[in-house]
Amino acid sequence: MSEQLTVPTMAELMAEGKEPDILFWVGSAGSYDDRAKKITKAFVKILNKANVNFAVLGTEESATGDLAKRAGNEFLFQMQAVMNIEVLNAYNIKRIVTCDPHSFNCLKNEYPGLGGNYEVLHHTQFIKELITSGKLDIKNSDYNGKRITFHDPCYLGRANSEYNAPRDVLNTLNATLLEMKRSKSTALCCGAGGAQMFKEPEKGDKDINELRTEDALKTNPEIIATGCPYCMTMMSDGVKVKEKENEIKVMDVAELIASSQGL
Amino acid sequence: MNYLPNIIFAIILVVGIGYFVKNVKKLFRNIKLGKAKDISDNKSQRWKNMAMIALGQSKMVKRPVSGFFHIIVYVGFIIINIEVLEIIIDGLFGTHRIGLSVLPKSLYGFLIGAFEILAALVFVAVTVFWIRRNIIKIKRFFNAEMKGWPKNDGNIILYFEMVLMTLFLVMNATDLAFQNAGTGGNVISQFISPIFGDNPETLNIIERSAWWLHIIGILVFLNYLYFSKHLHILLAFPNTYYAKLTPKGQFPNNEAVTKEVKLMMDPDADPYAAPPESDADETPEKFGASDVQDLSWLNLLNAYSCTECGRCTSECPANLTGKKLSPRKIMMDTRDRLEEVGKNIDANKGTFVDDGKQLLNDYITPEELWACTSCNACVEACPISIDPLNIIMEMRNYLVMEQSAAPMELNSMMTNIENNGAPWPYNQQDRLNWKNE
Ligand code: SF4
Ligand code: SF4
Numbered sequence: 103m104s105e106q107l108t109v110p111t112m113a114e115l116m117a118e119g120k121e122p123d124i125l126f127w128v129g130s131a132g133s134y135d136d137r138a139k140k141i142t143k144a145f146v147k148i149l150n151k152a153n154v155n156f157a158v159l160g161t162e163e164s165a166t167g168d169l170a171k172r173a174g175n176e177f178l179f180q181m182q183a184v185m186n187i188e189v190l191n192a193y194n195i196k197r198i199v200t201c202d203p204h205s206f207n208c209l210k211n212e213y214p215g216l217g218g219n220y221e222v223l224h225h226t227q228f229i230k231e232l233i234t235s236g237k238l239d240i241k242n243s244d245y246n247g248k249r250i251t252f253h254d255p256c257y258l259g260r261a262n263s264e265y266n267a268p269r270d271v272l273n274t275l276n277a278t279l280l281e282m283k284r285s286k287s288t289a290l291c292c293g294a295g296g297a298q299m300f301k302e303p304e305k306g307d308k309d310i311n312e313l314r315t316e317d318a319l320k321t322n323p324e325i326i327a328t329g330c331p332y333c334m335t336m337m338s339d340g341v342k343v344k345e346k347e348n349e350i351k352v353m354d355v356a357e358l359i360a361s362s363q364g365l
Numbered sequence: 035m036n037y038l039p040n041i042i043f044a045i046i047l048v049v050g051i052g053y054f055v056k057n058v059k060k061l062f063r064n065i066k067l068g069k070a071k072d073i074s075d076n077k078s079q080r081w082k083n084m085a086m087i088a089l090g091q092s093k094m095v096k097r098p099v100s101g102f103f104h105i106i107v108y109v110g111f112i113i114i115n116i117e118v119l120e121i122i123i124d125g126l127f128g129t130h131r132i133g134l135s136v137l138p139k140s141l142y143g144f145l146i147g148a149f150e151i152l153a154a155l156v157f158v159a160v161t162v163f164w165i166r167r168n169i170i171k172i173k174r175f176f177n178a179e180m181k182g183w184p185k186n187d188g189n190i191i192l193y194f195e196m197v198l199m200t201l202f203l204v205m206n207a208t209d210l211a212f213q214n215a216g217t218g219g220n221v222i223s224q225f226i227s228p229i230f231g232d233n234p235e236t237l238n239i240i241e242r243s244a245w246w247l248h249i250i251g252i253l254v255f256l257n258y259l260y261f262s263k264h265l266h267i268l269l270a271f272p273n274t275y276y277a278k279l280t281p282k283g284q285f286p287n288n289e290a291v292t293k294e295v296k297l298m299m300d301p302d303a304d305p306y307a308a309p310p311e312s313d314a315d316e317t318p319e320k321f322g323a324s325d326v327q328d329l330s331w332l333n334l335l336n337a338y339s340c341t342e343c344g345r346c347t348s349e350c351p352a353n354l355t356g357k358k359l360s361p362r363k364i365m366m367d368t369r370d371r372l373e374e375v376g377k378n379i380d381a382n383k384g385t386f387v388d389d390g391k392q393l394l395n396d397y398i399t400p401e402e403l404w405a406c407t408s409c410n411a412c413v414e415a416c417p418i419s420i421d422p423l424n425i426i427m428e429m430r431n432y433l434v435m436e437q438s439a440a441p442m443e444l445n446s447m448m449t450n451i452e453n454n455g456a457p458w459p460y461n462q463q464d465r466l467n468w469k470n471e
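Chains as they are written, first to last, in our numbering: chain A, 103 to 365; chain B, 35 to 471.
Derived from the structure by calculation, the hints contain no laboratory data. Warning: the hint list may mix true and false statements.
[Claimed, not checked] In silico SDA-like pairs for lysine to any residue, Cα to Cα no more than 25 angstroms straight-line:
no. : chain 1 : residue 1 : chain 2 : residue 2
1   : B       : Lys-293   : A       : Ser-235
2   : A       : Lys-342   : B       : Ile-112
3   : A       : Lys-283   : B       : Lys-293
4   : B       : Lys-296   : A       : Ile-240
5   : B       : Lys-293   : A       : Tyr-220
6   : B       : Lys-173   : A       : Ser-287
7   : B       : Lys-96    : B       : Ile-112
8   : A       : Lys-286   : B       : Ile-112
9   : A       : Lys-308   : B       : Lys-173
10  : A       : Lys-283   : B       : Lys-173
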């Protein structure tokens with residue numbers, strides 16, 4: 103499979119004297135986390151299929167600093183941000199797309215104050231753009247009529263009021279979209295935000311991802327869709343805790359689109 | 035003529051309003067203990083938000099039942115208070131129902147009729163609220179932070195409103211002049227009137243008592259506000275006006291940190307240079323917040339405005355899964371500590387004397403702060419746009435940047451970011467390996 107992926111880096115394009123139309127910000131999870139890497143690849147397949155002129159920073163990319171900021175280390179965040187902005191500005195980047203709502207939020211909202219001004223898109227927004235502009239054609243999908251429920255990532259939904267893009271994209275699959283009782287602006291967090299992903303939870307009577315998985319299970323779905331690598335971990339774990347991993351798949355919107363098109 | 039009642043009335047009025055003004059001044063002083071924060075942008079959007087959210091209660095009705103009854107109480111209460119104007123004029127000048135003689139009869143009847151209907155509706159709504167709190171026992175009114183004063187406060191205010199509404203109706207019902215004036219305004223009170231019989235003297239005594247108790251009650255209520263979550267009926271307005279307009283996910287970048295980072299990254303800066311003269315005796319800026327004075331004035335205004343409704347807590351993922359964190363408690367603690375600091379200043383002739391306490395640890399524990407997922411559900415849920423998350427983040431900043439007191443796992447996560455640009459201990463050179471896997 104891997105030989106099919108075309109993933110130019112900025113350095114390579116630069117050497118050829120070319121400029122990409124958009125930078126794909128892979129993010130730390132998308133680069134290193136085994137499950138999230140699959141989302142990254144699925145998204146690249148979509149980009150390749152739609153002939154998008156994109157590039158990644160590759161080894162020149164570094165953590166956005168979002169995690170450090172939410173963990174209270176403003177200092178580390180700003181160090182990371184200033185470093186990344188230097189790289190991004192040197193490459194004259196104008197447009198960025200990312201599969202990680204945390205990077206999305208950070209790049210979009212918190213970098214401008216430090217000198218990094220870019221148009222930043224979440225991958226669901228970009229996929230929607232590809233579909234609407236006709237660059238990506240969604241043919242009959244395997245997900246016809248499948249019961250899919252979408253879990254809103256906090257940093258895409260509440261944090262940036264984007265509730266429609268992922269749903270619009272999912273709707274192209276002719277699936278049956280099910281809404282959880284808590285959805286959109288009242289969606290429950292998966293439990294990973296605010297750097298929780300990297301620590302044990304405080305004492306309580308339940309884990310947050312379990313509660314959120316219960317919300318999802320109540321819709322009796324075949325697939326739980328997400329748009330965030332951390333939500334992916336949390337919801338997958340939740341489904342395992344509920345011993346439903348054989349019946350219910352947790353998939354990123356990009357994976358659904360890619361696999362529906364046989365990519 | 036006997037001027038004694040007028041004089042007594044004037045004294046009560048002056049004392050009541052005077053005490054209120056004194057407390058409002060204290061309120062301003064306490065809020066100004068917070069750090070400066072410039073919020074002078076986007077005036078038209080801010081007015082709009084205030085009109086929609088505070089005046090129009092747009093966020094209240096997201097929960098339809100409480101929203102509906104709240105609007106009744108809110109509209110009723112404001113409109114009925116127009117009647118206070120007449121009471122004040124009558125009280126000061128010794129007139130009786132001045133409105134009857136200066137307004138067209140039908141208009142006066144319409145006004146009082148509307149007030150009576152609203153009073154009855156408010157009474158019903160308040161009763162519903164009382165039942166929700168005390169019989170149905172809605173969960174969000176019974177979290178740990180709702181014991182003692184906050185719990186009583188919630189009920190006291192309901193009793194207050196019941197009594198005030200009753201007094202208003204009784205006052206009208208026993209006022210023979212009004213009942214017989216044929217204004218048609220006695221829509222509700224005409225049915226209460228017969229209960230009190232028809233002895234003019236008894237009626238007059240009851241009417242006068244109700245009248246006095248009504249105005250005294252309103253003044254007491256006004257002064258009760260400062261000590262109560264009911265301050266929100268005033269502060270909801272500035273609070274929604276000054277609320278954050280940027281996306282909820284956008285956390286402010288700390289400018290003091292920016293200065294230091296720029297300095298560190300500046301290749302021309304001499305790391306061994308002595309700090310410029312002027313900085314010599316300045317204390318270095320404290321990062322984050324450990325006490326109320328480190329928070330912004332907006333955080334403090336938020337704290338005074340909080341209605342303790344618990345909508346935030348009832349949507350908080352940490353709280354829903356049994357963690358100690360409750361965004362409502364964050365707001366209540368901030369207010370309590372601010373009050374304590376304020377009293378300290380009063381007792382020490384205008385300066386704060388270290389009392390060995392602070393907001394962190396003595397009120398809000400690190401355990402609560404670290405349970406937050408920064409999901410913004412609390413901010414979204416708050417009917418008057420309070421931002422508990424901002425206080426949590428400010429306090430985390432203090433814990434991490436001033437005390438290096440992050441949980442161990444977070445420290446190693448941050449060390450990884452520092453060393454290899456990712457939260458995991460992977461080599462930055464491997465960042466693109468996924469491509470070939
Ligand atoms: S942001 Fe924090 S305090 Fe607010 S609801 Fe989410 S977890 Fe709770
Ligand atoms: S912060 Fe807002 S939602 Fe929470 S208790 Fe106070 S007023 Fe209610």
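Here is how each hint holds up against the structure:
The hinted pair formed by Lys-293(B) and Ser-235(A) fails the criterion: a straight-line CA distance of about 44 angstroms is larger than 25 angstroms. With a CA separation close to 54 angstroms, the supplied pair Lys-342(A) and Ile-112(B) exceeds the 25 angstroms bound. The straight-line distance between the Cα atoms of Lys-283(A) and Lys-293(B) is roughly 45 angstroms, outside the 25 angstroms bound, and the hint therefore fails. At most 25 angstroms may separate the alpha-carbon atoms for a hinted pair to count; Lys-296(B) and Ile-240(A) exceed this at roughly 47 angstroms.
Distance restraint check for Lys-293(B) and Tyr-220(A): the Cα-Cα separation of roughly 22 angstroms lies within the 25 angstroms cut-off, and the hinted pair is therefore satisfied. With a C-alpha separation of about 22 angstroms, the suggested pairing of Lys-173(B) with Ser-287(A) holds against the 25 angstroms cut-off. Straight-line distance between C-alpha atoms of Lys-96(B) and Ile-112(B) comes to about 22 angstroms, which keeps the hinted pair within the 25 angstroms bound. Only pairs whose Cα atoms come within 25 angstroms are accepted, and Lys-286(A) paired with Ile-112(B) is rejected, the gap being roughly 34 angstroms.
The suggested pairing of Lys-308(A) with Lys-173(B) holds, with an alpha-carbon distance near 18 angstroms, which does not exceed 25 angstroms. For a cut-off of 25 angstroms, the pair hint linking Lys-283(A) to Lys-173(B) stands: about 19 angstroms separates their Cα positions.
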